[in-house]
Amino acid sequence: AFFCGAAGSAVTWCVMVLDVCATISGNIKGLGAPSVNLEGVFVVAYNSTYGGVIGAYTDANGNYSILGVFPGSYTIVAYAPNSNWVDQWWDSAYSLTSASYFPLGTDEIVTGKNIVLPYKFFADVTDPTSPFFEYIQWMYAQGISTGTPQPPSNPLYNPTTPVSRQVMALFSFRLSGNAYLPPPPPD
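Mind the numbering: the sequence shown is residues 989 to 1175 in the working numbering, read in order.
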C-alpha cells in the first residue's frame, strides 16, 4: 500500500508498506536415467481458495523460487509447454483434483517442492489421467512398442488402431527379451 502526503498540489513524501510474504522453491527434473534438470518450465502456486496466483520459471539447473506468496494452503504445478514433458502437479498428481496441498505461513520459506515430469514417448498419448497412459509409457520404455515414426515429432502410438496377429507376435518377442537368431539354412 502507498501512503502519500501532499502540500498544495505537489507530492512531498510517500511511504510504501509491503506485506511480509512467503517463498516456495524447489527443482523440476525430467524423468530419465539419470534425471535431467529442466530449464524454462513454468511453475505456478495454486491457492486452495483463489486458484493460480503466482509463478516462476526454472533456471538452467531446474531450480525455481516463487516469491511474494501470501499465507494459505497451496499446491504447485509444473507446465512444460511445447515440449515432450507431461505437465504435473506436486506430489506426483496429474490433476488439480488429485493434488496435495501444503500450508504456507507468513514469511515462511518452503523448500524442496520438487517435481519430476514424465516424458511423452508418443505424440498421441499425452493425457496422464487416461487409464492406459502408464501402461503405454511402460511398453515404450521396455522396447515393446516403438510406434509409427512421424519425423520430426515423437512417434504415434495409434491407441485405437487394431493390432494384427503379426504385430502381436512382434510385441511378444520383444517382451521375451530374447535376441533374434535367424533359422539355419536348409541342408
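Everything labelled a hint here was simulated from the structure, so no lab data went into it.
Treat the numbers as computed from the prediction; the structure is a model and nothing was measured.
Where hints are given, some of them may not hold.
Between beta-carbon pairs, the in silico distance windows are [unchecked claim]:
(1) Ser1071 - Val1041: 22 to 32 Å
(2) Ala1111 - Pro1172: 33 to 43 Å
(3) Asn1102 - Pro1172: 48 to 58 Å
(4) Thr1114 - Ser1088: 20 to 30 Å
Positions of the beta carbon are idealized from the N, C-alpha and C atoms, including for glycine.
Going down the list of hints, with the structure as the test:
no.: 1; hint: Ser1071 - Val1041: 22 to 32 Å; in the structure: holds, 24 Å
no.: 2; hint: Ala1111 - Pro1172: 33 to 43 Å; in the structure: holds, 41 Å
no.: 3; hint: Asn1102 - Pro1172: 48 to 58 Å; in the structure: holds, 54 Å
no.: 4; hint: Thr1114 - Ser1088: 20 to 30 Å; in the structure: holds, 23 Å
Hint check: no violations occur; every hint is consistent with the structure.
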